[in-house]
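What follows is each chain in one-letter form.
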Amino acid sequence: MEIEQLEKVASQVRRDIVRMVHSCQSGHPGGSLGCTDLLVALYFERMMLNEQDGKPVFDMNGTGEDLFFLSNGHISPVWYSTLARRGYFPVEELATFRKLDSRLQGHPTTHEHLEGIRIASGSLGQGLSVALGAAMAKKLNKDKGIIYVLMGDGEQQEGQVWEAASFAPHHEVDNLIAFIDLNGQQIDGPTVKVMNNRDLGKKYEAFGWEVISIEEGNDMAAILKGLYEAKSRLGHGRPILVLLHTGMGFGVDFMMGSHKWHGVAPNDEQLAAALGQLEETLGDY
Amino acid sequence: MKKYTFTEKKDTRSGFGAGMHELGKQNPNVVALCADLVGSLKLEPFIKENPDRFIQCGISEANMIGVSAGLTIGGKIPFATTFANFATGRVYDQIRQSVAYSNKNVKICASHAGLTLGEDGATHQILEDLGMMKMLPGMTVINPCDYNQTKAATIAIADHEGPVYLRFGRPVIPVFTAADQKFEIGKAWMVNEGTDVSIFATGHMVWEAIQAGEQLEAEGINAEIINIHTIKPLDEEAVLKSVEKTGCVVTAEEHNRIGGLGDSIAQVLVKNKLVPQEYVAVNDSFGESGTPTQLMEKYGLTAKDIVAAAKRAIERK
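Keeping their order, the protein sequence lines are chains A and B.
For what it's worth, this note's numbering labels the leading residue of the first sequence as 17, then goes sequentially.
For what it's worth, this note's numbering labels the leading residue of the second sequence as 6, then goes sequentially.
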């Protein structure tokens, strides 16, 4: 897909996100908007996905395809919208987000058999470990697929992340690309104030990872370039970490750059203002 | 009373190691993981023959559970192994979210459960693991009684689709079940048919129950003894059938009396048939250092305690 087309998809995904959280008056728009460009770039351009007649075909094992894991499960709206827009399930189902009897639970789950989801996440710190297991299964199966996993920067405060960070280089898991969404915000405020992660790049390097940075994590061209670079470094005995600098709430001016929109839904007025800034490109659900 | 004899004593963890050795040959999808306790879990034979299917995780149990969950995505059957304390309480949330709620085909295999860990003391002697694991929806919970049964259970759970908690231990105890037994998950094992009291025992307590049965027989009491190796799903039919006959119950487990086998049985009785029940279990306390034998005596988990409990239960009929 051309960059312009990818940007159009991203605009629609952002509309979906704010409409979803508005509809149920709960959920996490900030991080979702910030990671929209990454997920669209992955699912619509970079990931190798099993398809039939132009539509993705989902099975749990994901044999022969690239897999994506979302460790910071609270940004489920961006994942649900991206999956639906990519064709994993009907976009109309986005209207059920966080509502009773929905497959689109507040945090992602396999329990409801939603296509595209392979593990429950939400309790933070677990996704990197799971992704490493999936990456090792691919190696055992001589499957060339790549594992992508996204974590939050606040999430780096969980101890399990560092267990996994030690494990990956030790076992030379070099078919995995991990992202940290560096938006600098968490629920209680700026990450540097709540619990300063300091230099995550240096930390991961010290643990034995190859670290690259995407400084403009909301610029489609920069993301595609960064993903290309990350992929080119696979297969050399080291896992890859991408520091993805994003703006929380990116795309909606009054939500940008503040932890206040981590887990708050817009009211009717705010929804209208947000949608006014986001072009409807693929038709609202 | 049916006679049970033994020619040797072995630890149940060695039964696990033997089962893994066998699985290594049988099932190419079986992968073993361990958190720096390979010797304690008796994994050496598996690792020697299948070095590519062993993943050393270091002292990082949370990560081990997550990696195990991930391995199932790709069709692997991970056996995550460590001491029972670190396999459950330490990683409860990881098991809850990444394994149980996600319904992953992970086998959590836990050695050194209960008081019989001995000298290491209460920090390592988990007595709450059965309770924690059985509360997780979809989790199968198994606590076999001797070397042979642990080996058979280890092999059986590889063919069972879904998360399993397999609990075993460190002390050498009599090997009294058949070497060629077929292990059926969820099917209670009739050790001895009787009419006066039903003794439901699990794990190391099954041998104690057999000895208690012999002592009771000498006093003219005919005890039915049933090995509940699968705590969940519980063989309710076997429990009720036995209780119909005997009208009173003793439960015996190396676990806190809160949340273990006894409570599972009590739930069946409350719902279906109210009869007196006596618990042989740790009385809501932590353990301490000591030899396994000393500890089992001090905390009331011997044949003698089962005999006394049986008499109390019969008295209350």
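No lab work stands behind these hints: they were computed from the structure.
Do not take every clue at face value.
[As the list claims (entries may be wrong)] Pairs of lysine-lysine residues, derived as DSSO-like cross-links and limited to a Cα-Cα distance of at most 30 Å, are as follows:
#1 B:K53 x A:K155
#2 B:K139 x A:K115
#3 A:K158 x B:K7
#4 A:K158 x B:K237
#5 B:K7 x B:K237
> Of the numbered hints stated previously, which ones are contradicted by the structure, given in increasing order?
Replying inline: Of the numbered hints, 3, 4 do not hold.
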